[in-house]
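Asker: Based on the sequences and whatever the hints tell you, model everything.
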Amino acid sequence: MKTVYFDHVATTPVDPRVLEAMLPFFSEHYGNPSELHRLGREARAAVDAARAQVASVLGAGEKEIVFTSGGTESDTLALAGSLARYQPGHLIVSAIEHPAVMEAARALNRQGWDVDFVPVDGDGVVDLDAYEQAFRDDTRLASIMFANNVIGTVQPVAELARIAHEKGALFHTDAVQAVGSLPVDVDELGVDLLSLSGHKLYGPKGVGALYVRRGTRLQPVIDGGGQERRLRSGTENVPGIVGLGVAITLAAEQLPEVGPRLESMRDRLMDGVLERVPEVTLLGHRTQRLPGNAAFSVRYIEGESMLLQMDAQGFMVSSGSACASGSLEPSHVVLALGLGAEDAHGSIRVSLGRENTVEEVDAFLEAFPPVVDKLRQMSPLYVKG
Amino acid sequence: MYTDLVMDHFTNPRNVGEIEDADGVGQIGNPVCGDVMRISIAVDDTDHIADVKFKTFGCGAAVATSSMVTEMVMGKSLTEAAVVSNKAVAEALGGLPANKMHCSNLAADALHLAIQDYLVRSGREDEVDQILPSLPKDHEHSSH
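Protein sequences appear in the order of chains X and L. Start counting the first sequence at 1; every next residue gets the next number (the numbering used here). Start counting the second sequence at 1; every next residue gets the next number (the numbering used here).
Read the hints as simulated data drawn from the structure, not as lab findings. Do not rely on the hints blindly, as some may be mistaken.
Below, in silico cross-link-like pairs of lysine-lysine (DSSO-like), each with a Cα-Cα straight-line distance of 30 Å or less [claimed, not checked]:
1. Lys167/X x Lys63/X
2. Lys2/X x Lys374/X
3. Lys87/L x Lys374/X
4. Lys374/X x Lys76/L
5. Lys87/L x Lys76/L
Listed next, the stretches of chain L that the computed footprint assigns to chain X, with coverage defined by at least 3 CB atoms under 8 Å from CB atoms of chain X [to be verified]:
6. 9-16
7. 34-40
8. 55-69
Keep in mind it's a predicted model, so treat the numbers as computed, not measured. We put the beta carbon where it would ideally sit given N, CA and C, even for glycine.
Answerer: Structure follows, in structure tokens:
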């Protein structure tokens, strides 16, 4: 059976060019960048080159890039690291953050910080009035994700950053889904801190970066040998960092071609599903969304069932249902849109990547309606209209 | 995460549907929690289950346990069916992931409610406690 991978929000395959660039750094150029001998210097040069690549794509300075183990660590460093020098005060996050930010905020809350979770509208866009009104005199940081992993909605990040600065707070964005999929320029956005991850943009797992605007004071969350300008101790993941540098460069180079192609396939998929399957709701904003992300709530049936049935047909997709995620609660993101829990249980996410084709989208559109029909025939909630 | 048998029952569920003019119907769960199971039974003159069907809203485990319980009790006497437990259904499937044992393993409860419904409908309320010792009384899934 031919399989189709439609779960690029979860992770992407490592691009062969990325893998090729990484391989020598496992057993040939295996030096520790902190050492002064030849192998050490080679590794240092490779890390520096990757830092320049990441900085260049983001429009940042090389000294503003800190390599980490991935998106979660970048988010943790951004929140905990930027707030460590303050007495507990107030911070703002959105109601639809990734767990990496959500849990970092909750950890700060346990240390005495007040946290406001700003609501979003039915499309998943942060309520700007509520956001602006949430700021207090002691608000130190606002952290709003660039693009949502579940529903794909893209936030007006520049506007959100501007408001935060007006109120005297720092602004962080979790851009793990955005970098590689959308143009991201830290100066245009005006952000102080920005998280990104390697494996979401055809790079390896286990590596990410945090952009730290010059002058932003940060304390490390991992202490030790003082690598990454003391902000992230631990011997650098040299092959991973090399891979991230190549992957982000390739993604940026291909974006002008890949972005519109993904958008067109995504729209074909969204329109096709909405047209062919009755009682389906599109999740997230119709146009202001990640180019490859389509998400739906399908009434009367449950997401994991859809996921497994589609898997049996060769299509790998994801669901925000409680069962699929292993928790008992449906996705907090889908609930934040105002959907009831029973509709939130019926969510399904199809995320396209640059290796997907229109033929694969059309094959999905053939396979999906019968699966919905089969599960609805099985559902005690479904009464044929 | 699921055994082959779970996947088999999920992809080819047995006895899907609803019995018209069923002798007993039992439903458990709550759409808010993500699982609803409805089981209908036809009972013959000798207190045996002549037919049993299910409809389920829920995850792979919810569908598979529903399908499995219908297979396990088809043709069985009410007293035999009454002692089939959720745990026995899960074991018959070769086990379920730990996080599914609580939330999605309610099919036997739905069956027992169907048997209770049958007994009540046929004026045999007094036999409920005797035939159904493990009737789900105030299951948290049906109470919130």
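Asker: Can the stretch 55-69 of chain L be counted as covered by chain X under the rule of three residues or more with Cβ-Cβ separation shorter than 8 Å?
Answerer: holds (count 9)
Asker: Against the 30 Å threshold, does the CA-CA distance of Lys87/L and Lys374/X hold or violate the hint?
Answerer: holds (27 Å)
Asker: Does the stretch 9-16 of chain L contain three or more residues whose Cβ lies closer than 8 Å to a Cβ of chain X?
Answerer: Holds, because 4 residues of the stretch 9-16 of chain L bring their Cβ atoms closer than 8 Å to Cβ atoms of chain X.
Asker: Closer than 8 Å, Cβ to Cβ, for at least three residues: run that test on the stretch 34-40 of chain L against chain X and report holds or violated.
Answerer: holds (count 5)
Asker: For the pair we were handed, Lys374/X and Lys76/L, check the Cα-Cα distance against 30 Å.
Answerer: holds (28 Å)
Asker: Does Lys2/X pair with Lys374/X here, judged by a C-alpha cut-off of 30 Å?
Answerer: holds (22 Å)
Asker: For the pair we were handed, Lys167/X and Lys63/X, check the Cα-Cα distance against 30 Å.
Answerer: Distance of about 27 Å is within 30 Å: holds.
Asker: With the threshold set at 30 Å, check whether the alpha-carbon distance from Lys87/L to Lys76/L stays at or below it.
Answerer: Holds, because 18 Å separates the two Cα atoms, which is no more than 30 Å.
Hint check: no violations occur; every hint is consistent with the structure.
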